[in-house]
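Visitor: Below, each chain spelled out in residue letters.
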Amino acid sequence: MTSFIRNQWYVAAYAGEVGRRLFSRTVCGEPVLLWRTEAGVVTAMSDRCVHRRFPLSQEPSHLDGDRVVCGYHGFTYGADGVCVGVPGQQRIPRTARLSVYPVVEQDSFVWVWIGEREAADEKLIPRAPWLDRPGWTVVRGMEPLAARYGLLVDNLLDLSHETYLHGGYIGTPEVAETPITTEVDEAAGIVRVSRHMDDAACPPFYADSTGIEGRITRWQDIEYHAPCLYLLHSRIAPAGTPPPDVDGSDPDAFHVEVVYAITPETEGRTHDFWAVARDFALDDAEVTDFLRENNRTVVLQDVVALDVLEQALAAEPDGCQELSINIDTGGLAARRILARLREEGARRGEPAAR
Amino acid sequence: MNSKSAMSPMSPTGATSLRAAVLPGEGVHRIHWVPGTDRLLAVCFCGAEREFEDPVELWDWLLTHPGTEPSAHDGIVLRHSRRDPS
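Note that the protein sequences, when read in sequence, are chains A and B. Reminder that position 75 of the first sequence reads as 75 in the working numbering, one-by-one numbering, no gaps. Reminder that position 85 of the second sequence reads as 85 in the working numbering, one-by-one numbering, no gaps.
No lab work stands behind these hints, which were simulated from the structure alone. Errors might be hidden in some of the hints.
[Stated by the list, open to error] Straight-line alpha carbon distances no greater than 20 Å define the calculated SDA-like cross-link-like pairs of lysine to any residue that follow:
1. A:123 - B:24
2. A:123 - A:108
3. A:123 - A:223
4. A:123 - A:6
5. A:123 - B:54
6. A:123 - A:344
7. A:123 - A:139
8. A:123 - A:187
9. A:123 - B:25
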């Protein structure tokens, strides 16, 4: 029994990572082979040959048109995972087929469904449209995290840690001091944590990229769509700027959409996809470089801290107690939803009673 | 440090309105950090509400409290059932 939440969509890759080269990424403990057909369609299948389990992403395995040829003994598979050729004989065993994963390319992500295929519903995939929309400029990356998935969820649901772990970058004293409102829609699996600061210091991260001088209005609205997608709607404007109009227009503010895809790799490792989309200084390469470097620095500060925390937790005996305070309200809600999804996914995966 | 005068929808402490609500669902729990205090106000979708100083106790209550309207919790199916595509 694993702790993975099955029967869910997970981000396996950025669309730009998948092409006519065999590419592998492990999701929820399952090695997934990703590649594009000659028509450009993304396919996802098991990255293990049915014969002797050789990784199909490992050279000299290769693509031959729209077929994958195992580099060990030459087993050959079509884009549907069905084996179409085996070495030295005419008969192809009926069971010679790779597991294929439902896959959707959307908002610059490649999403795969981990679980029972018949339960995959594309409409369940949460959206991050800013990552692939005119009028926005995006920087992005992916950092491997040597920590269990839940630690990154905890981290991102409580931004008060910015003041301490990211001081001098995105943290200012007001982040930890401003009260928050938490909303939880259990049925939809969404946690929203809102922190609106009317009169805050402008952290260097935003002062340099927006050109704002002086105090700012700073809104941070988190939307966590369990289990994989995390959105941080960040609004920055000079202090005194009116709030958005009822029609949503907000011409005097700068908007940054921070997106994380939190994908379990194994029990103790996580793929930390991060992207930052902005609606200002769209063609300014200096701002782009600045945001990329600074955000990656912030992400790596989290990675270093969570890697250490994982080691500390792994070394502890069972039963060590945590202490939760007000700032943890959203994180606790996320944990509850994840626990419920884990139970539901495990129940669905059990053999049907006869 | 004193430029809040133009921010009419906001509270004097610089926080959002105490009863801010964004998520549109019918089964939404809301927890508001009461400005200027260490207390949390839990508001159930059934209308029940109560203040706490401990988020763990708060969640225990939100999920198990007797509703002021016993039928208010009926029909809320806690499933991962839908998401808006936009």
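Visitor: Honestly, which of those hints from before does the structure not fit?
Guide: Going through the list in order, the structure violates hints 5 and 7 and respects the others.
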